[in-house]
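*Asks:* Each chain is listed here by its residues.
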Amino acid sequence: MQRFVLRRLAQSVLLLFVLALVVFALARVSGNPADLLLREDATQEDRAHLLKALGLDRPVHEQLYLFLAGALRGDLGESIRYRKPATEVFFERLPNTLQLLPLAMVGALVIAIPLGVLAAAYRGTIVDRISGAVAVLGIATPSFWLGIVLIYVFSIRLGLLPSSRMGGPSHYVLPTITLGLFLVAGMMRLVRSSLLEVMGSEFVKLARLKGLSQTVVIWKHCLPNALIPVTTLFGVYFALLITGAIVTETVFAWPGVGRLTYEAVIFRDYPLLQAVILLKAIIVLGVNLGVDIVYAYLDPRVRYA
Amino acid sequence: MAAGAPVVLEVRDLRAYLYTRWGVVRAVDGVSFALREGETLGLVGESGCGKTMTGLSLVRLLPEPAGRIVDGQVLLEGEDLLTKSEPEMRYVRGRRMSMILQDPQTSLNPVFTIGDQILEALRQGRADGGRSLVARAEDALRRVKVAAPEQRMRAYPHQMSGGMKQRVVGAIAVAGEPRVLIADEPTTALDVTIQLQYLALLKEIQARTRLAMLFITHDFGIVARMCDRVAVMYAGRIVETGPTRALFRAPRHPYTEALMASVPRMEGAVTRLPSIEGQPPPLHDLPTGCRFADRCAYVDDRCRREYPPTMAIGPAHEAACWRIERSPSSR
Amino acid sequence: MARVEDRIDVELAAATAADDAAHPRPRGDFARLPWGSFVIIAVLILVAVLAPLIAPHSPTEQSLPDKLLPPAWEAGGSTRHLLGTDVLGRDVLSRLLYGARVSLIVAAVALLAGGGIGLAVGIVSGYLGGRTDSFLMRTVDATLTFPTILIALLLAVSLGPGLKTIAIAITVLIWARFARVVRGEVLAVKTRDFVALARVHGCSHLRIMAVHIVPNVLNTFMVLLTLHIGFVIIIEASLSFLGAGIPPPTPSWGQMVSDGRSHIASAWWLSVVPGAAIMLVVLAFNLFGDWLRDWLDPRLRQV
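Residue numbers (the numbering used here), protein chains in the order written: chain W, 1 to 305; chain A, 1001 to 1331; chain Z, 2001 to 2303.
To be clear, the hints were calculated from the coordinates, so they are not data collected in a lab. The C-beta atom is built at its ideal place from N, Cα and C for all residues, glycine as well. Check the hints yourself; a few may be wrong.
Calculated cross-link-like contacts (lysine to aspartate or glutamate; reagent style DMTMM-like; alpha-carbon spacing at most 25 Å) [said to hold, decoys possible]:
1) W:K205 with A:E1138
2) W:K84 with W:E45
3) W:K84 with W:D46
4) W:K205 with A:E1086
5) W:K205 with A:D1080
6) W:K205 with A:D1301
7) W:K205 with A:E1185
8) W:K205 with A:E1010
9) W:K205 with A:E1325
10) A:K1203 with A:E1185
11) W:K205 with A:D1116
12) W:K205 with A:E1306
13) W:K52 with W:E62
14) W:K52 with W:E92
15) A:K1203 with A:D1219
16) W:K205 with A:E1046
17) A:K1084 with W:E202
18) W:K220 with A:E1086
19) W:K220 with A:D1116
20) A:K1145 with W:E202
21) W:K205 with A:E1077
22) W:K205 with A:D1219
23) W:K205 with A:D1071
24) W:K220 with A:E1138
25) W:K205 with A:D1191
26) Z:K2190 with Z:D2133
27) W:K205 with A:E1177
28) W:K220 with A:D1103
29) W:K220 with A:E1064
30) Z:K2164 with W:E263
31) W:K205 with A:D1103
Pairwise CB distance ranges (calculated) [claimed, not checked]:
32) Z:D2193 with W:I282: 31 to 41 Å
33) A:A1207 with Z:D2193: 42 to 52 Å
34) W:G132 with A:W1022: 20 to 30 Å
Take a look, some chain W residues computed to stay more than 12 Å from chain Z by CB distance [as the list claims (entries may be wrong)]:
35) V5
36) D41
37) L94
38) L98
Here chain W stands alone, though its shape is the one from the complex:
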């Protein structure tokens, strides 16, 4: 077990390093990075100053060293737009996103799992067809459009829910739905097909031979096995949520790191974008690492290895 943890940790660190390299390389790919990193109204002095600070006149490996050293210190440059250290801006906004993500994930699980089970248990009936249709539509709907439509219907036309910004509980409804729908659709299909697969297993026959009812067999025996593929995909789902948050926060003017990413793109705020990406990467890698460890701990085959 310990070896597993260490190995995964090493992998994550390596990935982070590779990502940093990619970021470093991209900044220099299209000309002088100084131009990317400066404000439009910067003076020649500012430019010269930056050139010196980044060591842009020095060999590449020295530049890399400076970049990495700075990163390890927590210095990822200064946001052009906010004129503050990029990391500071990021951590200011992070809590807001962290409120939305778990809500969407939990909401998705709570809806997708029962729906998936019902669809599998009542395969072929109207329940199955309806949930299948919902899933297919959910996957095809672009979340940015969904958010806008929801705003139009519930906020502008019906005036029931607020359309933007953070606030009371009602502010969380639409963004959570927008963020979670894609996840629900995908999860539900997976639960359904995985469950149908498990329902054909031999141990299901044995469970029924003990005198258990089909309902008990599905929920107690089949579902835990069926959920294994869902949990293995947790990392993928988390990445989807982070991605989705960019668009959702933009549409709902939610002051989180997703919207920050959007702003960084729109305003061509390269230092901020760079910082956001690296910091998000750390979070994603950290979460994946944590999930892998938990999963390895729970799986009896690995635990007792």
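Following the hints, position chains A and Z against chain W.
*Replies:* Same frame as chain W, now just chains A and Z:
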């Protein structure tokens, strides 16, 4: 022998069909037999003849929605199981009739400990005032000769060998003290050395509890060891039934004869291993006459036209073949 | 003597009955074909190709007196602009038609590039096995669990928006998915006898991969391609929405939705119409992909 003991299970003209994309597969097409208390009846035949489907039909666990029992009666201690509702069948399963499946690797749920799975079976069964469920589970494991049952309770299926898993499956099957046990090729997936031990175990359990066993297999060696009586199945129907010894010594149905002949013998020179020519007919497209006709050495026109009725040969020995009518005495 | 194929034994029947229960198959008759999807896809391709011919106006032609007109069926709309106009008086329908080109072209380029790379990596990884396989699959896993859209955004900002950027970005996003599935297929194929025979005959690895492995995984690959068309279209639209896609004045659906956002209260059609188009097209491709997969390769159902 168990002759004279009360009949525990009687199956009359059971028909179970599978509705597939190729058409209607008549997996079980008019099967009848009787099982007495304490007796072991072997159900033999080559793969695909319908023996497993017969077993599943008795407990009404055919693959849905394609499988369906279309006719017949299954009388367990006089009650027709086919007329029971699903909640009533749930009561029967495990408590009055139970089954051991073929592959121990897939019979147990990989995410639960075997203790959990045995406890679950016990909870469905009769209450035993005075002893805790865990104690009863450990007892059940001891009775199937699993050493150190207290530790084994906490083990997961993947931590046990195939033989041990099959013992656990056996423990689960008899936990509810059923009257009838259906064993569907329980030793096919086990090592040869383990097979004998397992069969001995089943025999011991049977002696202790007067269990009636339906033993489904394709292996005549096991039949000789385990079964008091044998029913030979071919293309969805039983072609011969009789006491084991009588069947082995003097098989009357040409298929049984051919099966016996194809069992390799150690004595004597062997130039070619005998086998039966041809294939069984496709179960979705069965002929009107005798189903063995195409491969039979004694076939005549009547065989192809009419399916032979089951005719008596000796005490408790019968077969479905026109030849018996032609020459009623053996040979 | 009956053919082996004619002999349907009970176990096979039972097994397929159980399999049918888990995976219902279309019976192959005409009623089961996804006609709706076919029609939508055909229309899309036609529209994209013929846009210059059938669009009522130029997509970039501004006409300020006509700005913010509602669609023809609403009060105040006109038949000259069936789907209304935007804030600069540009005809929404024409922009929609031209936008179809963008979606299709980007999808095609990205799929070919990403699919091609994924195919190559999957084959090499699956066939060679060992360290190479291990290393490549770790890379694939890393790509899959990482929100690669962030890389796409970074590319857009550093390289500047445009077709090249967005194509590279989406390629980076999807190659891993292809690689993983193709590798699985290769693992199944390489154990088959004809591969061993080829080795015995002295074929080089490269030749085996090209001549023997590729044709056998092509089926799966095709299905995977079609299943990803919808995904790629949504990604492109999302990137355009975020300002990292094809830059104006070329109309793209994602951009149109974004532009229409600030006018949502007064001119809902500006965002709703292009978004609906995206949804409809993606739906059609997804259903088509599902049908194709069920028809060609039922084993892919878990993807």
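*Asks:* Look at each hint and say if it fits the structure.
*Replies:* Hints versus structure:
no. : hint                             : in the structure
1   : W:K205 with A:E1138              : 23 Å, holds
2   : W:K84 with W:E45                 : 19 Å, holds
3   : W:K84 with W:D46                 : 16 Å, holds
4   : W:K205 with A:E1086              : 15 Å, holds
5   : W:K205 with A:D1080              : 22 Å, holds
6   : W:K205 with A:D1301              : 44 Å, violated
7   : W:K205 with A:E1185              : 15 Å, holds
8   : W:K205 with A:E1010              : 23 Å, holds
9   : W:K205 with A:E1325              : 43 Å, violated
10  : A:K1203 with A:E1185             : 15 Å, holds
11  : W:K205 with A:D1116              : 17 Å, holds
12  : W:K205 with A:E1306              : 38 Å, violated
13  : W:K52 with W:E62                 : 12 Å, holds
14  : W:K52 with W:E92                 : 29 Å, violated
15  : A:K1203 with A:D1219             : 17 Å, holds
16  : W:K205 with A:E1046              : 23 Å, holds
17  : A:K1084 with W:E202              : 24 Å, holds
18  : W:K220 with A:E1086              : 19 Å, holds
19  : W:K220 with A:D1116              : 12 Å, holds
20  : A:K1145 with W:E202              : 24 Å, holds
21  : W:K205 with A:E1077              : 24 Å, holds
22  : W:K205 with A:D1219              : 24 Å, holds
23  : W:K205 with A:D1071              : 23 Å, holds
24  : W:K220 with A:E1138              : 23 Å, holds
25  : W:K205 with A:D1191              : 24 Å, holds
26  : Z:K2190 with Z:D2133             : 14 Å, holds
27  : W:K205 with A:E1177              : 19 Å, holds
28  : W:K220 with A:D1103              : 22 Å, holds
29  : W:K220 with A:E1064              : 20 Å, holds
30  : Z:K2164 with W:E263              : 22 Å, holds
31  : W:K205 with A:D1103              : 12 Å, holds
32  : Z:D2193 with W:I282: 31 to 41 Å  : 49 Å, violated
33  : A:A1207 with Z:D2193: 42 to 52 Å : 50 Å, holds
34  : W:G132 with A:W1022: 20 to 30 Å  : 27 Å, holds
35  : V5                               : 16 Å, holds
36  : D41                              : 19 Å, holds
37  : L94                              : 15 Å, holds
38  : L98                              : 15 Å, holds
Violated hints, in rising order: 6, 9, 12, 14 and 32; the structure is consistent with all others.
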